[in-house]
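Colleague: Now for the letters of each chain:
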Amino acid sequence: MTRRWRYLVSQYAALAANMLPPLIYLLIFFYIPMSILLVMSFWKSGYMTLTPAFTLENYKLFFSSPIYLRALANTVLIATGTMLALIVLSYPIAYYLARFSPRHERLLLFLIIIPVEINFLIRIFAWKIALGRNGIINSALMSLGLIDEPLQFLLYSKFAVALVLAHEWLPYVVIPLYLALKGIPQEVIDAARSLGANRWDVFWRIIVPLSVPGLFASFVLVYIPMLGEFAVPTLVGGPSGYMLGNVIESQFLSAGNWGLGSAIGFVLLTIILILVALVLKVAGLERLL
Amino acid sequence: MDAARGGLRVENLYKRFGRDIALDGVSFEIKPGEFFSLLGPSGCGKTTTLRIIGGLLTPDAGRVYLNDEDITFLPPEKRDINIVFQHYALFPHLTVFDNVAFGPRRQGWPEKRIKEEVGRLLEMVHLQGYEHKYPRELSGGEQQRVALIRALITRPQVLLLDEPLGALDLKIRQQLQLELINIQDAFHITFVYVTHDQSEALAMGDRIAVMNEGRILQIGDPRTIYENPVNRFVAYFIGNTNLLEGKVVEVQPGGLARVHIPGIGEMWGVCRHHCDQLRPGLSVAVSVRPEKINISRTPPDDPGYNTIAGMVQDIIYLGVSIEYIVRLEQGLTLRVFQQNLADDARQLITWDEIVWLYWLPAHALVLVE
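Chains as they are written, first to last, in my numbering: chain A, 1 to 289; chain B, 1 to 369.
Mixed in with the good hints, there may be bad ones.
[Stated by the list, open to error] Partial list, derived from the structure: chain B residues whose beta carbon lies under 8 angstroms from chain A: (1) 83; (2) 92; (3) 107.
[Stated by the list, open to error] Going by beta-carbon spacing under 8 angstroms, a handful of chain A positions derived as facing chain B: (4) 188; (5) 191; (6) 194; (7) 197; (8) 209; (9) 210.
It is worth saying that the hints were derived from the structure and are not from the lab.
Cβ coordinates follow ideal geometry from the N, Cα and C atoms, glycine included.
Same shape as in the complex, but just chain B (with noise of 0.2 angstroms):
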């Protein structure tokens, strides 16, 4: 197989429906082979971006192109480029075969083909002897994998995949995240995998685009997205952080800068982003994630940690960790996670509890935007 199949690139891309904007110049190229996540809130643009990038609207400007090849205005049915739908989207009046048949046969496979390829991807999804059910007897996880296999028996370039685990339970998204994984890997098609659900993004993606309001904000792997966002609306909606505002003080190089935070005081963070807007006197924002904190009924000994004590106002126990929300002097309250080390000897801490929160510099993100 050619490795440079399945390259996309996408130039600012706009799209209006009626009087609003879903799409405000969206740009981004993927790697043939890569697994590559839209990440936003509803609304944000990113199935909107997925259709066009599928033939199913045009863009009011902007290209997109395959292998470098300007596809922006070719009908769905001519492109190298098969859609999973949240919904399944399954052909209510055809069998499982006749389903995952549907593509192959517009292409003219003989039927021998057909038969032997649908009963082996079948096989891969574990639903082997299903080629005679309905869609309606199945279950929505295995419409899912027959809409998974429908779409790649054709080996395309590219599959979109429009939150395909958004209908599911819990248990059954998190099976099927793994083997869409291990589907990518042994098929080395490049995936376009749109979701609202950062972890699923997080999980999955070989990179993230972060989208609100039709524009991207952020493109990076899940890591760099996660530890360095670019601005509050990216360290917000990945994960959990507690954003205080301030105003800068003091900056130094290297983009170290102290804040002041009312309710809190003073502390010293970093700037990754935009930093060179940075002046004493600018209101930014300050990231701190609630797993970077620290949580101690004594303050620590190292005057590197930016300190602050406060009272446990509540307790939530997620099994995995243990999330504190810590009421501080003037009202403001901090989301610390703990790793869950309880065992009989310890005391954990509790309700009413007066405790020192801190963190280093390193953790503590000044967003400029």
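The following block holds chain A by itself, in its conformation from the complex (with noise of 0.2 angstroms):
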């Protein structure tokens, strides 16, 4: 009996021990600056003061105030958008690289990374000179005598701020999908094509479904960064492209109002944990996993 039980003893604190230091590293600069931000929500705070009495103001303003719920809206809008995109995007690409084995599929994978090795404002700058009204683009269209003046919706609008950040996530949505198109064994396809599965069959009943936890990593690792995107709808975005991380950053750094920059990452925070968690259930990810 005490032989057991020190022998559980030693095998929990190995366990412990293995694991207190990425708790020690997450309490520290997780869950300590987490806590303190969802108690400053609820504090009285108004331009650079913060009050500790316990107060539901913030949350209160945020959702009776259109502007914050258009940025809201906006945001929802913009990364949906973008993700379906991406995936629409992406699909073709993966599919090819994981199904077809191309004779230069590394080069292309390369070719696909690369872009995330540039740095981020290099590309948003190189973006707004082709977007611009006088970009390249623009001037191209206009000298074939396509358009008369130049496109107004290119730059400052939701379009530019889902264009730019599809490219900067695209290498991240292809890589999990090509991972998991690539994890499909051929003895499967071929079972189902013995079967009677036609091409179409085997593409909606076996490819697309044991694609589903590519879909989720993708999901996860840039829809989620996406709804607090702030940068790209500064630089691009201009009134119309105004994201809920927009309001959040003004808030903190120009507003000087914590509380409610607090309030309004917890109200992303909220939604993004019911987003994932439906998306888990919908695509019944549990028996795949």
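Make the complex out of the two chains shown on their own, each in a separate frame, by following the hints.
Modeller: Below you can see the structure in the form of structure tokens.
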């Protein structure tokens, strides 16, 4: 009995010793700051003032302000639209790389990953040059005579935010999808075909369901950070591409209202958690994990 | 059911992968309802042949006929041929029920009929109540049973099995061998069974095609393949044998030949294939199966035997039989199986004993190729 007990203690001690460093790290850099922000979101707060007195004022303010709610709607719209576009765009790329194993598979993967290595400010300014009023797209279209005056929606719009975000996050959608598709054994596909499934059936009944874990990884990796994005909308969004991240940023950095900033942050976090739970449920992922 | 359904014929299949020739002119014909084994070492082309029959590959040249209908370029889903794979290839995201129902649903069976038939087949392979389990919850043997009934439920004319028992433990393998034979009897479906395991092919096949390097070397029933191998490769690959290289000294009518083997001397053997090439001086191999050799402390009385003396170098106790490795005068060794008749009273032959080995000329096969 004592031996068994001592064995268990030593096992748990080993487990604790292994988990302690990351736990301490998360505690100091994640849980404690988050807890402070959570407390602050319930404090009375104004310009550069923060009074430790419980109030729901910050949350009330957020949900009663049309500007903030519009930013929230913008955020969900841009992030969801970009995510869907990314999946539609990435699936054929990942599918081609994984299932057809082209001769230059590694080179192509490398080419997809390489934009990540470019500083993101440089990337954004490059887009600004391309999309601007006198940018190469507008001047090219004009000199071809396809349009008479520059297209306005190209820059400082939701479209511009979505485009730049899509460029930024494409590799993070392609790679998990590629890995999921690569992991589907050829035998499974062969079995489906021999059982009478045509290419359409094979794609929708075998390949798509089996790539769901990859889609989910992409979703977590890309959709969540996109919801919190503030740099891209600041630089190419203009007034119509304003996102919740910009609101939070301005509350902390220019409006000096930390209580409101925290409250909006937690609203966003709650939305993200609900979305992740929903997606997990819909994807039926527990069956595949 | 039409008795003629399920006849399969392949003619002159050629297939290259890059610079490798996978199939170099493969032809055979399989009768409806036959259990046909394709046997050979890995890389011999047996799986390529199977994939071509299943429609998963197209040959560079040659034709595949099902009931005399050319199906060479028909896609797999249009062929009345199903496949069972070595690694089961179950759909991991579907339950056992949905896995088995996959084929029937593609054919538009009513759900009620699917439910009845899946239940019936699950019972047949002793998996009743497994409908709602997922493949990863099943053992290897259970998964392969599911894969088998998934392929059988639509009653295809031909079932292709690609080393279906290769990933399983010996006991389960032997049990499933029996189940497969029973199922094949019950369903009367043509089975094409790919294996590299010669004992499996011998135990299960009505006929066996032995393949090597993209060619078929011999087709025949298990007994013919074992007792009358066409060349050195078949003799060596199927079962165990002692292959002795030598030169023909004398040829007699009826395929009887006297062969000189360096280190052993001269012995009589029979030739059954390519015997027209036999003439004195020709290099041949003599194949003597270990179980055809008698081992004794005294030489035989009958002068009709090939007889030689040697010393026991090793004994391998196999339970069913005892294998002796006997060293001959000039360093050659012979393997000899003896039925295990041991009891307390009988003194078994042991290490370093001088023994006599003898066998009939009919059991010494002279192989020209």
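Colleague: Are residue 194 of chain A and chain B close enough, Cβ to Cβ, to be under 8 angstroms, as the hint says?
Modeller: It holds, given that the least Cβ distance between residue 194 of chain A and chain B is near 4 angstroms, below 8 angstroms.
Colleague: Does the nearest C-beta of chain B fall within a distance shorter than 8 angstroms of the C-beta of residue 210 of chain A?
Modeller: holds, 6 angstroms
Colleague: Holds or violated: residue 197 of chain A as interface residue toward chain B, Cβ cutoff 8 angstroms?
Modeller: Given a least distance of 6 angstroms, the restraint on residue 197 of chain A holds.
Colleague: Given residue 92 of chain B was flagged as interface, is its beta-carbon under 8 angstroms from a beta-carbon of chain A?
Modeller: With a closest approach of 7 angstroms, the residue 92 of chain B hint holds.
Colleague: Min Cβ distance, residue 107 of chain B to chain A: is it shorter than 8 angstroms?
Modeller: holds, 6 angstroms
Colleague: Holds or violated: the hint that residue 188 of chain A contacts chain B, with Cβ atoms closer than 8 angstroms.
Modeller: holds, 5 angstroms
Colleague: Restraint: residue 209 of chain A near chain B, CB-CB cut 8 angstroms. Satisfied or not?
Modeller: holds, 5 angstroms
Colleague: Does residue 83 of chain B pass the interface check with chain A, least Cβ-Cβ distance below 8 angstroms?
Modeller: With a minimum Cβ separation of about 4 angstroms from chain A (threshold 8 angstroms), the hint on residue 83 of chain B holds.
Colleague: So, as I understand it, the hint says residue 191 of chain A touches chain B; can you test that by seeing if any CB pair is closer than 8 angstroms?
Modeller: holds, 4 angstroms
Violated hints are absent here; each numbered hint is respected by the structure.
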